[in-house]
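**Q** Chains as they are written, first to last, in the working numbering: chain A, 1272 to 1753; chain B, 1272 to 1753; chain C, 1272 to 1753; chain D, 1272 to 1753.
Hints should not be assumed to be uniformly reliable.
All copies of an identical chain are treated as equivalent in the list; a pair is satisfied when it fits inside any one copy or across any two copies.
[Said to hold, decoys possible] Taking lysine to aspartate or glutamate pairs in the DMTMM-like style, the calculated list, with each CA pair at most 25 Å apart, reads:
#1 Lys1594 - Asp1613
#2 Lys1736 - Asp1627
#3 Lys1736 - Glu1652
#4 Lys1736 - Glu1432
#5 Lys1687 - Glu1708
#6 Lys1626 - Glu1715
#7 Lys1687 - Asp1676
#8 Lys1594 - Asp1296
#9 Lys1712 - Glu1657
#10 Lys1687 - Glu1440
Derived by calculation from the structure, the hints in this document are not laboratory data.
4 protein chains.
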Amino acid sequence: MSAIWDKLHEECGVFGLYDVGDIEDIIADTYYGLYALQHRGQESCGMAVNDDGVIQLHKDVGLVSEVFSREVLERLPRGKMTVGHCRYATTGTRSASNAQPLVVRHVKGSMALAHNGNLTNAAELRREYEMQGAIFHSTSDTEVIAYTITRHRLQAASIQEAVVGAMAELKGAYSLVIMSPRKLIAARDPMGFRPLCMGRLGESVVFASESCALDAIGAVFVRDIDPGEVVVVSDGGSVESIRTHCAGERRAFCSFEYIYFARPDSVIDGSAVHTARQRAGALLALSHPVQADVVVGVPDSGLDAALGYAQQSGIPYGMGFLKNKYIGRTFIAPNQKQRENDVRIKLNPIAATVKDKRVVLVDDSIVRGTTSLKIVKLLREAGAREVHMRLSAPPFLYPCYFGTDIDSSENLIAYKHSVEEIAQIIGVDSLGFLPVEDLPKLPEGGCGGLCDACFTGNYPVEPPKAGAKSKFENKFSESTGD
Amino acid sequence: MSAIWDKLHEECGVFGLYDVGDIEDIIADTYYGLYALQHRGQESCGMAVNDDGVIQLHKDVGLVSEVFSREVLERLPRGKMTVGHCRYATTGTRSASNAQPLVVRHVKGSMALAHNGNLTNAAELRREYEMQGAIFHSTSDTEVIAYTITRHRLQAASIQEAVVGAMAELKGAYSLVIMSPRKLIAARDPMGFRPLCMGRLGESVVFASESCALDAIGAVFVRDIDPGEVVVVSDGGSVESIRTHCAGERRAFCSFEYIYFARPDSVIDGSAVHTARQRAGALLALSHPVQADVVVGVPDSGLDAALGYAQQSGIPYGMGFLKNKYIGRTFIAPNQKQRENDVRIKLNPIAATVKDKRVVLVDDSIVRGTTSLKIVKLLREAGAREVHMRLSAPPFLYPCYFGTDIDSSENLIAYKHSVEEIAQIIGVDSLGFLPVEDLPKLPEGGCGGLCDACFTGNYPVEPPKAGAKSKFENKFSESTGD
Amino acid sequence: MSAIWDKLHEECGVFGLYDVGDIEDIIADTYYGLYALQHRGQESCGMAVNDDGVIQLHKDVGLVSEVFSREVLERLPRGKMTVGHCRYATTGTRSASNAQPLVVRHVKGSMALAHNGNLTNAAELRREYEMQGAIFHSTSDTEVIAYTITRHRLQAASIQEAVVGAMAELKGAYSLVIMSPRKLIAARDPMGFRPLCMGRLGESVVFASESCALDAIGAVFVRDIDPGEVVVVSDGGSVESIRTHCAGERRAFCSFEYIYFARPDSVIDGSAVHTARQRAGALLALSHPVQADVVVGVPDSGLDAALGYAQQSGIPYGMGFLKNKYIGRTFIAPNQKQRENDVRIKLNPIAATVKDKRVVLVDDSIVRGTTSLKIVKLLREAGAREVHMRLSAPPFLYPCYFGTDIDSSENLIAYKHSVEEIAQIIGVDSLGFLPVEDLPKLPEGGCGGLCDACFTGNYPVEPPKAGAKSKFENKFSESTGD
Amino acid sequence: MSAIWDKLHEECGVFGLYDVGDIEDIIADTYYGLYALQHRGQESCGMAVNDDGVIQLHKDVGLVSEVFSREVLERLPRGKMTVGHCRYATTGTRSASNAQPLVVRHVKGSMALAHNGNLTNAAELRREYEMQGAIFHSTSDTEVIAYTITRHRLQAASIQEAVVGAMAELKGAYSLVIMSPRKLIAARDPMGFRPLCMGRLGESVVFASESCALDAIGAVFVRDIDPGEVVVVSDGGSVESIRTHCAGERRAFCSFEYIYFARPDSVIDGSAVHTARQRAGALLALSHPVQADVVVGVPDSGLDAALGYAQQSGIPYGMGFLKNKYIGRTFIAPNQKQRENDVRIKLNPIAATVKDKRVVLVDDSIVRGTTSLKIVKLLREAGAREVHMRLSAPPFLYPCYFGTDIDSSENLIAYKHSVEEIAQIIGVDSLGFLPVEDLPKLPEGGCGGLCDACFTGNYPVEPPKAGAKSKFENKFSESTGD
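Start from the sequences and build out the full structure, keeping to the hints where you can.
**A** Here you go:
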């Protein structure tokens, strides 16, 4: 899909389940939980099961439905706890080596970790550990987190004490689910960059990146994990909250979760995602009004905001495109004509909606602009008289160091071009982005503080030094030595 | 998908391409054409290529993207003509034996056929041929059609004369694409039950079940094949129309193509499908009005009509559900809880839209009622105060003999229950079906006559005798002999 | 394997099982029976099961162990009769369309056929049927046989009468297992070109191409089917033998079955294959003696004859090569060096055996000579001082029309070169072929007459006219019409 | 295969290649090298390529031909160095987590390791590192070795210095190939338990477990790596030998490598494996003579010794069995009859050889005795009058701690029964094992000292304490903590 679609990628979804004895099939529930989080990572996925203290792991490259065949699901033991993960990887090669959960053995036993986010001081920590003889199997931050917890575990009285100790050293974004032989632990960084919530399935406890995963298994949403909080589930399902790191730092929840990453049916930090997107559309209608005949959204990510724009502006909402729902690992023929047509395979304009109309086209954002150009062209060919594009995000200008793949300003069209230039490049009659100052209005009650660094460069945590946005996924490079 | 979704199935999509020399990659274009027709049949698919008179065939069980791997696509010769097909099979076993196109060799050479529809006199013809020593490899009507054409070919001066001759014997629904060593032929039964259209890709000629397949490859729509018409493309791309069977019989285009089967972005027999569905919603708003706060559609098939209902009624349109777009060959855990929850894995209500609201829920139709029951339950759990269900089709009461899988009145909830009873069974506050008399209003200009037999029992062609709705897919039964 | 090995191929193995009620798992037994016949055809395989008159079929491209996964084996019904087949196809493309058994439905019910051999009048029969309106799905002789039986079935009182009637029209080689709704039938052509035997598994009846398949399932060998005989198993396992075609024609059992095709542990027409091969080696030692230090065979097909040569000559038998037993669908790197080395991947000389020795190298036959050249080179590199090659078959000079893939004299090194020239081409110090006149001595008692046409051109049945050795496998060509 | 065959398993094969610039395709050569070592490990395999200092890795569960598809082979970069590995794993679950090579990153860069053998102090070293904060991803000794080298690397001037330093701490068996960013290193433990040799492919350098892998790629054998030696290949292919650990300790090469594990065409430590096995047969004929008519070997591992027995005794050598060469991942039907027959699917006696004969049956060893029992039964059924079994190994009595899977005396039939009892259990007329005192005679010149601990309990290195034969493959157990 990535091959024909110019979108940002979230890098992970996490899930955990602690069965107090009332769960019929913990493997099935974990499977469906991951399934509901698939949008947060389509490259690889995995599940670790704690079977009476022994951790079994299955992970591989592929979608949840591919990695977990019927055979695999039947073979996994029906243990008492699970940790699950799905992941987007930025490299092209299919490799399972960075898949999660990460399962390691340390002096006090074994531990499984699932992580969503990005540390800003991973390189420093890694270097420090390497100087003491540590070896690393991957380039993932998760392995750095595992080391940090392990080192604290040597002195700590309990695994949760080790997690709390490690959090004092970890900088950046992390929503974690950790499984020890006898406990299941959820932890969220002090600024709460990435979502993490807790639910109950009967008396059993569930952790998930988004509430939609709770819905998928029929669990009841209990609450979000607070920024800085550590929640520990231990024997019999008793739940302990440790708030050592919940002090008064600012919150910095990723605004792009509301705009694009999260599923519209999730509720995060008190605010429904669908509503936030609809509101973005309504705010766009206020800041960038236009005379038009129909408002259409780019499926699926522009639909909510398009509805909001239509309702606010009074211009009728229409269905502008048919999205081919069988799109998958489609082979794209390597010839010129097909490459130009690639979007058409996924999206076909509904001429009945747009022909001879002035169309407001709503999408969530523009990264490089290549896809927008093609979509606008399709609309014109289908007979649209005017195309007015509205984006429910401000222009991307700065790299993200907290868990998405905006890796360099160089690849961002808005970094190099003015709004007018972009309008001309993608061929629209007018172009409007969500004003940055409208961002705080998206979640209900403002959500206590959003991260808008990719739009403003205003980083809530100091970014890593010197191009530290690692490019070494699945490779190991060597600068020194022999 | 079928395992968790109570829907009718179309049985086929057909495609053909005749390259006059301006097509860059005929295999890629056929692939994308089939891809766009995938909704008409997800069980098996195939492609036959005419490489200088020699026909090569690749077909198998699976989606287009599965059957046609990069390897297969590269291996197939870049011939001058292709015929493609995708198919829904009613049996549970995965078998390639009924996949199409069917390629056969007869006395005058070889021939490939792709067929959408169902004959009503297949059993009689089959028996007649068997009495003369014929053997059959499958139970499909397509093999009967191939025999009929072959028998006419013995005397006919040309393949097209044989096709026209055969059509005098074939009763029922058939939209055919036929490839002989030197010609590509499209034929539609005299009542035009199933869609079939023609386009141009440059000077080359394309046939497809729906116009969306033309769009997918950048071809220009030329016109629908008329009921009873035979269109022959031969050397150099010359196009001949034979109208022997286009006489004054009534038209009987399947009304359920407009309501559910066809893709909303297709235009069939002069009428846009999306518009027909929107109109169905508007007509429902007129015939079954209700006081409510929001109109939501069941994704994806109820969305167009929901928009029409909203626009006509003035009740706001909302997004009621999030459909998991990664749904595929999902393994459904075989325990009771999961079976109850199965719809939830595919659809999750967006509580922000429906909570404390009076909801108009629009879907296309009800078959057995099992899925509707679950969807309504989901809405209630998400806080909907009232649920008023509206269906953009009339109640199904009679089996279809023309190419869909309504096989017996016994399985149709509306055959056994009144509207009030159904409302009670599925748990809605009110229930309204599209009035049968509104059906002709769906397509623009009425489309010259629709088949509404599944709603009315008024069959445009005499149905087969004695429960002839065959159950022998992929099996061979034996009543006599030894 | 074929890619790196210059060998002739047998084209089929057949198997049938009729359960009188004492078989634990008919599917497992058929699977193991086919498994034991795998050497007769590695390209595709299949199994048809008669489940109370309804025939279910599973066949595909691949080895028995690949086509019949655990899932498939579990899914197939435990019926009362089975027919199995494995096949070698001469085309490079992987296609299931010519796989067997062939299952067809005719006027008196359905029928499954498995065939080993080649008809010499298939083209004439095919043409005759086509002129009467028949259509063909494949280019296989099996479909012609099915038609012929079907046509006789129209008038015949029983399926066996139809088979006997059809045999009067079929010319050439055929060992058949046929399953009707209620009967299992074995038939062998009047000259007995290909093997076919009968066994008992308890009271149940088994048919198989070779006795090794009986051994594999623990069945007891009963007897060979006689040339021209039809054996019918019907209700309760009663066995009837019809000897209409067993008249006094000459026998013509394929001599190359003894030399190479059959498994050494099989006993065919009264003679053990291993013994026949050992005897071939002994006869070679008599006709082509040489002073040497060690006799080695080319694994696996030259080992038996090498042992015979060693025993007769008194020269010690040695192990000259290690054959890599993991060889399978190995990817051969497409560069020059690797292509030269390809044999080395499969065979490695054991230097300890051949270094500084005068070596007698025994193999079964030479086709094009390419493999022999490489093997001799390996021996020289391993230090062999002299290499004396002995072949347990006479030189191939003529095409075979009875079921192997010697398709043209052009590809046979012995057709174009003298023995001395061949010796020089492949680089041996001396070369000796089995004298044609020794052929009748291979089987015990001479076996009643062998076919030696590929060595002598003396065809026991008139070969087809005009290069009728078909090249159309899996393709359909067109000479006339449109 | 393991499911139906009662054999010991070697645990690994290693391979390395350093291209000085004259190798056409380093990936193809590594592939064929691994292919030739497949018999040393069939569970998983892998290859690491050094592409200008960046190490890319591909490894997975499966045979070499399965893991390295054409696609994978084409995708891997044509770097300058490779390390390859194939592995047998003792657990039943298919998991890639213990597959090798192991690639890790430490403070001075990255490193790939491939290991054959077993450490006896792995648990102690692991514990020591864990107490200092180390985490482990696997339970393999290889990770312990990687840590040990890494810790030495912190102070060492070079990677080879670190390897030599680490060797002072590692106890037990290890044949290693190590790749650093700029060097390829081979190291063998001071007693030389496992084989390791060096060759030249042109000027390029090859390391491999056995010489057969050199043959497979056309490389020339140079010499064995000496026990305790470290060989370093660096820039331009210069080769350095470090003999720090080559001091006067006793040698202890695994005698079972000669008897069973190694390929007969390999030459190890100066002695041809085939010759060693033939000699074992001859020695058996001297120590356990018998009056008989034919000597047959159990394919493939008993064939060489059978030939030696025949030559020494003068009793004719015969082919007693046909081994089905298509045996692979065969599904064994889970019913009683089939389980009894399982050996028959793989081996079929050749009745012509054994009927009415007094048979000497030669195999390499007896582990549990279950397979021998079945083979003897097959011979009896085929008509053998007497069966005299001879084993080319002494009886197994003690566990092995140096790289094979003899894990407990409890599973060894010879530990619990006398020779006479075993003869009775497996049903032979006489039974003879190779006398332990004959072991040193197998290799030419005695090979400087063999390990015979599994036969004598005389361990050359102190075995680990307290049942340290780990059972934790692929699982992580937890005794303490939470």
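**Q** Hint by hint, note whether the structure agrees.
**A** Checked hints:
1. Lys1594 - Asp1613: Answer is both; intra-copy 13 Å and inter-copy 24 Å each pass.
2. Lys1736 - Asp1627: For Lys1736 and Asp1627, the Cα distance exceeds 25 Å both inside one copy (52 Å) and across copies (51 Å).
3. Lys1736 - Glu1652: neither (47 Å within a copy, 49 Å between copies)
4. Lys1736 - Glu1432: Neither. Shortest intra-copy (30 Å) and inter-copy (34 Å) distances fail the 25 Å Cα cut-off.
5. Lys1687 - Glu1708: For Lys1687 and Glu1708, the Cα distance is within 25 Å only inside one copy (22 Å; across copies 59 Å).
6. Lys1626 - Glu1715: This pair counts as between: shortest inter-copy Cα distance 16 Å, intra-copy 37 Å.
7. Lys1687 - Asp1676: within (18 Å within a copy, 56 Å between copies)
8. Lys1594 - Asp1296: Answer is between; shortest inter-copy Cα gap is 24 Å, intra-copy 35 Å.
9. Lys1712 - Glu1657: neither (30 Å within a copy, 31 Å between copies)
10. Lys1687 - Glu1440: neither (36 Å within a copy, 58 Å between copies)
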